[in-house]
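Work the whole structure out from these sequences, hints included.
Protein chains in written order, with numbering that gives the first Met the number 0: chain A, 0 to 206; chain B, 0 to 206.
Some clues are possibly wrong.
As a list, the in silico EDC-like pairs of lysine to aspartate or glutamate whose alpha-carbon atoms are at most 16 Å apart [as the list claims (entries may be wrong)]: (1) K91/A with E5/B; (2) K25/A with E10/A; (3) K91/A with E3/B.
Keep in mind that the hints were calculated from the coordinates and are not lab data. This structure is a prediction, so every number in the text was calculated from the model and none was measured.
Protein chains: 2
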Amino acid sequence: MTQEFESALLEGAVTEISRLPGIGRKTALRLALHLLREDVATSVSLGEAIINMRKGIRYCSVCHNISETEVCPICGDPRRDASTICVVESVKDVLIIENTGSYRGLYHVLGGVISPIDGIGPDKLEIDSLIARAASGSIKEVILALSATMEGDTTDYYIYKRLEPHNVKVTQLARGVSVGNEIEYTDEITLGRSLMNRTLFSDSIMI
Amino acid sequence: MTQEFESALLEGAVTEISRLPGIGRKTALRLALHLLREDVATSVSLGEAIINMRKGIRYCSVCHNISETEVCPICGDPRRDASTICVVESVKDVLIIENTGSYRGLYHVLGGVISPIDGIGPDKLEIDSLIARAASGSIKEVILALSATMEGDTTDYYIYKRLEPHNVKVTQLARGVSVGNEIEYTDEITLGRSLMNRTLFSDSIMI
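Shown next, in the form of structure tokens:
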């Protein structure tokens with residue numbers, strides 16, 4: 000049974016807050032009571048920031064990353080390498096890869112990976128639009144940066160097969176020992192892959 | 000270092016959401032990206048519910064519980080026993096006691112307990128207004144329902160001393176073995192108190 004509050008306004012706020020993923024009614028009540036102890040301005044800033052974000056942000060018509068404009072700042076940046084596309088699952092992955100500072104090409108956000116068990120087939124993902132971009136002739140390389148899971152591997156292979164006729168180099172993120180990890184605690188499959196794909200040792204590795 | 004996003008709208012929403020207690024920037028980003036995947040209406044409902052709640056709710060001028068009106072529905076209910084006041088720390092405690100369905104008197108929300116270590120003295124709590132209510136002549140009993148901690152006990156004693164001149168019965172919530180708990184796992188102090196304050200056994204206990 001869910002708790003009901005005397006105040007319809009409190010009830011409304013708790014109900015709305017508890018719709019967020021991972022937030023139950025108890026946490027929602029704690030957050031609502033916190034806001035009630037703070038200034039009116041705090042709640043107004045929070046509420047308006049949420050509404051403005053949702054109303055102002057759409058998806059880039061090229062790469063499907065979030066954007067405040069028709070085409071996102073990354074796709075629109077002339078200094079970036081427009082011949083390389085990095086394929087990722089989600090908007091969050093774009094933020095993570097951008098934070099590495101190691102990539103200067105463009106992105107393509109799929110919106111997930113193929114997962115028959117969850118009813119997600121290739122048609123529910125932005126795969127057709129990726130193939131169309133790759134087929135345009137200006138793309139030299141497509142980097143697959145999906146999760147190293149069975150679903151990720153399946154999606155990698157599906158995209159690889161769809162790209163085959165288009166004469167585009169398809170690469171995948173290196174699998175190997177995580178930087179900072181001990182060999183002793185690395186799983187055997189990863190270790191096997193990292194042996195198979197060993198790289199020439201050079202000074203530049205020791206940054 | 001905090002992550003910065005290309006989109007000022009996303010940055011704004013994540014910053015505001017992460018001001019909530021217990022929510023860091025990672026969780027805030029997860030919630031923001033969730034809202035971006037949902038309809039605009041979801042974010043508008045959430046944002047407006049928060050703003051409307053904060054703007055519409057104030058504190059009851061009698062008991063300091065949250066209220067949409069000058070005097071809260073509990074204080075204004077003629078069917079409740081206006082001669083009994085239950086003293087609680089917070090608005091949440093009122094909700095919890097109301098949910099037991101065992102209390103028909105009024106409340107008084109202190110806004111905390113005396114805690115010198117946190118710089119909270121009696122003057123920062125709604126104690127003067129409680130004494131004024133108790134001194135009005137219509138109050139027969141004040142029930143202390145504060146936490147069974149050192150701070151709660153200190154506050155209990157302080158209020159008891161302040162109420163002494165006013166000829167009001169002062170009671171405290173029973174301390175004892177929690178219903179459903181085994182004796183083996185009950186701490187010694189609680190067990191000692193529950194022995195000292197043992198009650199006559201009767202059929203009515205076995206509900």
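Original post:
Quick one, are K91/A and E3/B close enough, alpha carbons at most 16 Å?
Top reply: Holds, at roughly 13 Å.
Is the straight-line distance between the alpha-carbon of K25/A and that of E10/A 16 Å or less? Cα-Cα ~12 Å, so holds.
With the threshold set at 16 Å, check whether the alpha-carbon distance from K91/A to E5/B stays at or below it.
Holds. K91/A to E5/B sits at ~12 Å (cutoff 16 Å).
The earlier numbered hints are all upheld by this structure, with none contradicted.
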